[in-house]
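Q: Note that the protein sequences, when read in sequence, are chains A and B.
My numbering numbers the first residue of the first sequence as 2 and each following residue consecutively.
My numbering numbers the first residue of the second sequence as 37 and each following residue consecutively.
The hints are simulated quantities; they were obtained by calculation from the structure and are not laboratory data.
These numbers were taken from a predicted model, which means no experiment stands behind them.
All C-beta atoms in this analysis are idealised placements derived from N, C-alpha and C, irrespective of residue type, glycine included.
Some clues are possibly wrong.
Claimed, not checked - Short, incomplete list of chain B residues facing chain A, as computed with Cβ under 8 Å:
#, residue
1, S132
2, S133
3, R149
4, A150
5, D154
6, A157
7, L158
8, A164
9, L165
10, S177
11, L195
12, D196
13, K223
14, A227
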Amino acid sequence: MSQAPANPPRARTEVQADGCVFILLAGDWKLDSATPEIAFKGDRVVLSTEGLGSFDSSLPAWIHRHFRHVRQLDLSGLPPRLRALVQLAEKATSSEEPAAPAGLLEQFGGWGLSSSSSWARAFEHIGETASGLGRLLIGRARVNWQDFWLQLQTAGVDALPIVALLGFLTGLIMAYVGLIQLRQVGATIYVANLVSLAMTREMGALMTGVIACGRTATSFASQLGSMNVSQETDALRVLGLNPVEYLGVPRILAVTLMVPLLAVFATFVGVFGGMIVACAGDLSVSQYLTQVIVAISLKSFLVGVIKSVAFGFIAAWAGCYRGSVAKPSALGVGEAATTAAVLGITLIVISDALFAVIFNLFNF
Amino acid sequence: MPPTDILTSEGLAIGHGDRVIMSGIDFRLAAGRILAIVGPSGCGKSTLMRSLSGLDEPLGGRASLLGLDLAAATTEQRAATLRRLGFLFQGSALFSSLTLRENVELPMREFLRAPRRDLRALAEYKLALVGLADAMDKLPSEISGGMAKRAGIARAMALDPEVIFLDEPSAGLDPMTSGRLDELILKLREAFGTTVVLVSHEVPSILRIADFCVYLDPDAGRMGAYGPPRGFLSPDAHPKAHAFFSQARIP
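One chain only, chain A, in its complex shape (with noise of 0.2 Å):
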């Protein structure tokens, strides 16, 4: 526990007839202490000290505190350094009141402004990358192409490992479960149809585009928004590159490209791992991969790769837009990376919702 002080800080109040209010200073004033809280009312003021002993800034910050705002403050009768203090902070501080706080429905407004300009942002960079893609197209565009390369390597072929566990464990489970219930009816034969079927047409894209979100879409918003805070991105404007052209589309192509490849890859890691239970259970190595080839058609390959296709670009999207409109600062940086996570693995949980609506009325 702290001790007190031998002589505490104290300030006593006397109201003269006329209205002046006297404030009477005195004890040892330290950064320490903690100081009197007073109450007056008056716009004249003098201070005076009686019996004041050492004091530090806590004093004159104290008067800073209590006095910045009455009209006529005297201080004559103030030891002439902490005269000095005082008027130091009274000559550079502005006679404003400070601000009242915004009110509940000042706050609301103030939500509104701001998520409509967040949603514009949004389809602007979204034009914005469309337009990049399109110059691409034709030839026009003005990319980073060491970023595309770096790219393929860091958000495609350095994603193996971990791509591969967790394809792997997802086509255990699926097999695990489907062989405890398919058991029941006497179909384990379908473990197979079941989970050859699932991997290729929803969980070898899910699983990648959500590992994208969480690898590179969260790489990606920290890499543009520390560019942000140094300015790097208005380097590049200076320069007469649009910064969503020159590094962002580099990266959307890159990922878009890498993350089918990884969904194929997790597809045939999640096929084995679910072929290792199968056959640890009721069926044999060619049952399974026969059942495997009967339940795959060309129309679930390419539903798969059509998807990853779509959990790429959203991903590397989700995190070349946070990254973009990143506050510059540390936190903002890290705000950026963890809400581009976020968006991007809802906008593919939405958009696998949708292509299940959309596959179903084409029957696709």
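Position chain B against the provided structure of chain A, taking the given hints into account.
A: Relative to chain A, chain B alone:
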């Protein structure tokens, strides 16, 4: 009674890693004085300041700050001394996710036991001292370079330091803002009695505010001269220091 030496350097050698870039640094500085460290770019001015403040360990010689022998000090002693110092880094080093008020309040919250309202009042006072009363709730990204320097000084002054180190306080500022910053440093020294050690290239500013000057000579790898800055304007002064001051001086 003669004023106490608050900072002494005896044959100090500084550098990066094991590589000595400057040696033979000798001077004594009394409390309440302003010392400027000058020299051509890359000569080790900032490195010397870091060594004098205890942030980095010197590679040789002795330095004493606030009565503490920096070479012999333990980590705890060094940390305790660092708390009695203020430091303005070249890029201001404000915490980008905190407002100016929060930046100044941060060291207070860590080291003072006073109630929150008092800490807030102290932070507001320190920002008012440097003329930033109207910008307290702004983030560092929303203010100019000059304002960031002033906010950095307010944070450096947060705990009423006995010595304040300023690394190029005027760098990148226009002459008007630089002049106002010089006035601020002088006023803070006058009001708080703070000892100031600063690194600067700005000769007019050094002549205006510094009591003493250390000139580092990169060609010799040693301290070239030490003394009042106006003395370097004399043709009898150290030739390189004289050339440095004469070339940069506004006629």
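Q: Does each hint fit the structure? Answer for all of them.
A: Here's how the hints hold up against the structure:
1. S132: Hint holds; S132 of chain B Cβ to chain A Cβ min 4 Å, cut 8 Å.
2. S133: holds (3 Å)
3. R149: holds (5 Å)
4. A150: holds (6 Å)
5. D154: holds (5 Å)
6. A157: With a minimum Cβ separation of about 4 Å from chain A (threshold 8 Å), the hint on A157 of chain B holds.
7. L158: The hint holds - L158 of chain B has a Cβ within 8 Å of chain A, the shortest such distance being about 4 Å.
8. A164: holds (4 Å)
9. L165: Nearest chain A Cβ about 5 Å off; hint holds.
10. S177: holds (4 Å)
11. L195: holds (7 Å)
12. D196: At 5 Å from the nearest chain A Cβ, D196 of chain B passes the 8 Å test, so the hint holds.
13. K223: holds (6 Å)
14. A227: holds (5 Å)
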